[in-house]
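> One-letter residues, chain by chain:
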Amino acid sequence: MSNRFPELEQIRITVDETTRDKHLVAVSTALRAREHGPRGRGRVLALALVLALLVPVMALAAENTVPGDLLYPIKRAMEPIVQVFDSDAPAQRRVREIEVLFERDAPDEAIVQHVDVARDMVTDDQSALSDRIDRVIHDLEMRRAHRLAANRSSDNPGDKKPVQDQSVVPVDVPDEEGEDDLPSSTTPTTVEETNDTTRRDDRVRDG
Amino acid sequence: MLSLTINFPTLGVWITGLTETVPHPLDGHVAGIRTRSEVAFRAVYDATADDLISFAFGMLGDRKTAEDVVQQTFVELVKGAHKIKGDGRSLRAWLFKSVRFGCLDEYRRRSRRPEIPHEAIPDLPVDSDPLFDHLDPSLEAALNSLNKRHRTVVLLRHVVGMSADEVATVIGSTRRATYAVIKRAEARLRDLLDEYRDAES
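Line order of the protein sequences matches chains D and H. The first sequence begins at 152 in the numbering used here and counts up one residue at a time. The second sequence begins at 300 in the numbering used here and counts up one residue at a time.
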């Protein structure tokens with residue numbers, strides 16, 4: 152190979168048939184093994200890594216959501232984990248959600264529906280939470296009453312009820328004049344809640 | 300007449316383009332390697348195995364281990380086939396780099412392995428030709444006295460027959476630095492060979 156180093160000629164060797172066959176079998180085996188090999192595993196690992204990063208980010212983003220928000224189901228899905236650290240957390244979070252819904256002027260149905268959910272979670276010994284729910288219900292009723300009154304004052308007497316009035320969930324709060332022209336299809340829950348609220352208010356006042 | 304109208308930078312690009320488009324025997328197999336075609340792997344093996352084994356043999360002085368390193372290189376090629384870029388030259392350089400790393404790994408393994416005294420090795424019947432036994436003892440001693448980098452460049456240049464540019468690609472160095480290393484390695488090997496021959500005589 153080299154004129155300058157004729158001694159190196161003896162290093163020059165060739166592959167014999169046996170070695171060649173052995174090597175080519177190794178190549179074939181590697182080719183077959185690779186078809187479902189580490190590349191596939193690499194993809195699975197990459198996916199696992201993305202999920203591992205995505206889950207905490209989504210959980211954080213979902214933390215301050217309320218029912219109706221896109222990420223709210225994630226917040227509920229993460230709740231068992233939160234509950235491990237703080238067993239009262241779910242009830243507290245539901246009550247806070249009701250307050251936020253009210254602050255955001257959410258539709259009455261949505262708030263009332265979520266009050267039911269919150270009531271199921273709040274236990275008897277969590278009176279502070281019960282009081283917060285009662286306050287929201289009270290505020291909600293006041294808001295409805297104001298809304299009805301506003302509608303009525305803008306109407307001409309004897310006219311049909313305005314269309315937007317029908318969207319308001321009926322509630323059994325008697326208006327100032329004691330007229331019984333409200334629809335009677337009040338949701339049972341609301342009746343119960345209202346009565347309950349009154350009872351609780353009494354209890355608080357008595358206590 | 301046309302050449303008169305070409306300015307210098309254009310001519311430079313043209314000459315560079317001309318030298319780069321000189322086909323390499325492995326060019327036709329690179330696509331096959333990337334798509335994991337067994338035919339392409341066989342073709343590349345047949346085209347390069349002798350050079351690779353000679354290089355590994357020169358590095359390690361042991362034919363059996365040299366063959367194992369070359370086998371491992373082709374298995375690695377299968378694993379990294381989708382990452383192979385460039386043309387046939389790049390593929391050939393990749394193979395030699397892989398063999399070189401295989402040899403360096405083997406050096407590390409040997410340095411960790413305890414030395415077995417010659418008396419402890421029983422005389423076993425030899426069915427194959429232990430080729431290193433046929434090497435000139437002065438060459439064997441001289442190669443063992445070279446440092447790994449010098450040994451690599453000397454073998455690539457004078458056993459495989461690579462150009463200095465190809466050697467530079469394999470050892471991952473610049474062309475200028477590689478030229479200098481080759482010169483020093485050649486001088487050192489010449490001195491060592493002379494020294495050992497004189498000692499023998």
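To be clear, the hints were calculated from the coordinates, so they are not data collected in a lab. Any given hint could turn out to be false.
Claimed, not checked - Okay, derived cross-link-like pairs now, DMTMM-like style, lysine to aspartate or glutamate, Cα gap no bigger than 25 Å in a straight line:
1. H/K363 to D/D167
2. D/K173 to H/E375
3. H/K363 to H/E375
4. D/K173 to H/D497
> Each hint should be assessed against the structure and marked as holding or not.
Evaluation of the provided hints:
no.	hint	result
1	H/K363 to D/D167	12 Å, holds
2	D/K173 to H/E375	15 Å, holds
3	H/K363 to H/E375	18 Å, holds
4	D/K173 to H/D497	42 Å, violated
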